[in-house]
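All chains, please: the whole structure from these sequences, using the hints.
Residue numbers (the working numbering), protein chains in the order written: chain G, 1 to 139; chain E, 1001 to 1139; chain F, 2001 to 2139; chain P, 3001 to 3139.
Bear in mind the hints are in silico, worked out from the structure with no lab data behind them.
Treat the hints with care, as some may be off.
Said to hold, decoys possible - Here are the simulated lysine-lysine pairs, DSSO-like style, with alpha carbons at most 30 Å apart:
1) G:Lys-73 - F:Lys-2010
2) E:Lys-1109 - P:Lys-3109
3) E:Lys-1138 - P:Lys-3109
4) F:Lys-2010 - P:Lys-3138
5) E:Lys-1010 - G:Lys-4
6) E:Lys-1109 - G:Lys-138
7) F:Lys-2109 - P:Lys-3010
8) P:Lys-3109 - P:Lys-3073
9) F:Lys-2073 - P:Lys-3138
10) E:Lys-1073 - P:Lys-3138
11) E:Lys-1073 - F:Lys-2011
12) F:Lys-2138 - G:Lys-73
13) E:Lys-1073 - F:Lys-2010
14) F:Lys-2011 - P:Lys-3109
15) G:Lys-109 - E:Lys-1138
16) F:Lys-2010 - G:Lys-11
17) P:Lys-3073 - G:Lys-11
18) F:Lys-2073 - G:Lys-11
19) P:Lys-3010 - G:Lys-73
20) E:Lys-1138 - P:Lys-3073
21) F:Lys-2109 - G:Lys-11
22) E:Lys-1109 - G:Lys-73
23) F:Lys-2138 - F:Lys-2109
24) G:Lys-138 - F:Lys-2004
25) F:Lys-2109 - G:Lys-109
26) G:Lys-4 - F:Lys-2010
What the hints assert, rightly or not - Per the computed footprint, the stretches of chain F lying under chain P, defined by three or more beta-carbons under 8 Å from a beta-carbon of chain P, are:
27) 2029-2038
28) 2058-2068
Even glycine gets a Cβ: it sits at the ideal position worked out from N, Cα and C.
There are 4 protein chains.
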Amino acid sequence: MAHKTFEIEKKVRMQHCDPGGVVFTPQYFNLFVEVLEDWFADALRHPFSQLISQDSSGTPAMHIEARFHAPSKLGDTLAFRLHLERLRSSTALIHISARCASERRCSMKFLYGFSRLGSFGLTPWPDELRERMAEFLKE
Amino acid sequence: MAHKTFEIEKKVRMQHCDPGGVVFTPQYFNLFVEVLEDWFADALRHPFSQLISQDSSGTPAMHIEARFHAPSKLGDTLAFRLHLERLRSSTALIHISARCASERRCSMKFLYGFSRLGSFGLTPWPDELRERMAEFLKE
Amino acid sequence: MAHKTFEIEKKVRMQHCDPGGVVFTPQYFNLFVEVLEDWFADALRHPFSQLISQDSSGTPAMHIEARFHAPSKLGDTLAFRLHLERLRSSTALIHISARCASERRCSMKFLYGFSRLGSFGLTPWPDELRERMAEFLKE
Amino acid sequence: MAHKTFEIEKKVRMQHCDPGGVVFTPQYFNLFVEVLEDWFADALRHPFSQLISQDSSGTPAMHIEARFHAPSKLGDTLAFRLHLERLRSSTALIHISARCASERRCSMKFLYGFSRLGSFGLTPWPDELRERMAEFLKE
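Set out below in structure tokens:
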């Protein structure tokens, strides 16, 4: 069945690189979160600022699995692709991969939950948000 | 068989926390890398500054799996424990977990390789470094 | 005399905000460096990746003065403007300011030098780069 | 007149360094904020976690002036010294300098205010906190 993919490019900047001249692992996760933020803002029309400030909610990471296939250097343009692998009432398994030109750089799965700020127990995604997320589900 | 464990405490600081008041996922990875740096410097007596500047080498992350059990807040003291799950000629599977008092916060496995800067192909760990690492191997 | 101004917008993201929900001071400096990187890449056509990897050079900050007029929150769009206040053979005094809609948020002056990597002594800007920089000089 | 100085050492870590192998300017500010956090927690006995979570307050930076005298490299141990240059009812001008062995690396002045979270108007320092801060005032 057809499904949507969210795609966005990011540049490898000074702040991402370590003394070895390649992306520093923790900074990769800043890039992944940027992709997630852009997906929420641009595709799901529910930006994190609304999620946190108005809904007093958050999306805690519960499980992360990341594979790094080849290093990324300062100035590289990374093409990120995002889709959903699973969508439950209060969690989502998100797949993000990055390429530079034709080379596969990394891929990761994030299991995110939805919760009220101040609690760690999960709560169901808002209906409208969940419907928009479902369009990115790869079956 | 007996094996060593490397233990170190880290405080959750301003720089680690997001607008939700808990540790921001990418910043968790900065804490994990700090633990790794301390292990190399304090236990393996082979600090990253030597590894990078003198040996022109690095330890690229190849695979990461992380589980987050409960959120960590500003001011929390996290007790990290590190041991090795597997040690091969040019890779190491490192296990790090964090607790705050009696509560399990997160645990992760990092598969690191050893390589010369500028290449992504792996190369064997220096003998002396590998011997010291082996003491932290849990069989 | 007419002079150019470099303008670019940046969004305040999760990674920039502290538990108080506003931009964390050190993260402001990441935004300023992004503006500088974009100026070098897009306006001066001499990206940092070329400066560092090919020219083995860098632009060490020598003096920074920053004023913060009002806080910036998650989701704000900051409009940055950059011009030069002074250009010498091996230094440049760069002025960057940020607004959100009609509100002044911050302004800063950076005195940057040009140097070869591994030395801290300064060396003259490459001629072509210096000529392009001069177009942004406010007299 | 005698006054106290707060001193603490910090190591230059992977996360602080850029592809040029020296401390990346924005990361310097993370180190300065760490020094400030340690001063509040260890010397003033009023940690930021209490300030933010219990007092719903913060210390917005209003003006920063920083001078960088020589670069700092991965593995360097920086000795930070902090004292106060001025203390008003709702602001403090804080001086922090860093050395590595006998070499001066950087020095900066931070003008911080005290405010309630959610407002940018300033409010007086709590009396007890202000009294402890006053011991670090250099006259």
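Do the hints match the structure? See the list:
| no. | hint | in the structure |
| --- | --- | --- |
| 1 | G:Lys-73 - F:Lys-2010 | 22 Å, holds |
| 2 | E:Lys-1109 - P:Lys-3109 | 42 Å, violated |
| 3 | E:Lys-1138 - P:Lys-3109 | 49 Å, violated |
| 4 | F:Lys-2010 - P:Lys-3138 | 40 Å, violated |
| 5 | E:Lys-1010 - G:Lys-4 | 41 Å, violated |
| 6 | E:Lys-1109 - G:Lys-138 | 27 Å, holds |
| 7 | F:Lys-2109 - P:Lys-3010 | 27 Å, holds |
| 8 | P:Lys-3109 - P:Lys-3073 | 22 Å, holds |
| 9 | F:Lys-2073 - P:Lys-3138 | 35 Å, violated |
| 10 | E:Lys-1073 - P:Lys-3138 | 34 Å, violated |
| 11 | E:Lys-1073 - F:Lys-2011 | 25 Å, holds |
| 12 | F:Lys-2138 - G:Lys-73 | 34 Å, violated |
| 13 | E:Lys-1073 - F:Lys-2010 | 28 Å, holds |
| 14 | F:Lys-2011 - P:Lys-3109 | 28 Å, holds |
| 15 | G:Lys-109 - E:Lys-1138 | 27 Å, holds |
| 16 | F:Lys-2010 - G:Lys-11 | 14 Å, holds |
| 17 | P:Lys-3073 - G:Lys-11 | 25 Å, holds |
| 18 | F:Lys-2073 - G:Lys-11 | 24 Å, holds |
| 19 | P:Lys-3010 - G:Lys-73 | 28 Å, holds |
| 20 | E:Lys-1138 - P:Lys-3073 | 34 Å, violated |
| 21 | F:Lys-2109 - G:Lys-11 | 25 Å, holds |
| 22 | E:Lys-1109 - G:Lys-73 | 24 Å, holds |
| 23 | F:Lys-2138 - F:Lys-2109 | 13 Å, holds |
| 24 | G:Lys-138 - F:Lys-2004 | 48 Å, violated |
| 25 | F:Lys-2109 - G:Lys-109 | 42 Å, violated |
| 26 | G:Lys-4 - F:Lys-2010 | 27 Å, holds |
| 27 | 2029-2038 | holds (count 4) |
| 28 | 2058-2068 | holds (count 10) |
Of the hints listed earlier, those the structure fails to meet are numbers 2, 3, 4, 5, 9, 10, 12, 20, 24 and 25, in rising order.
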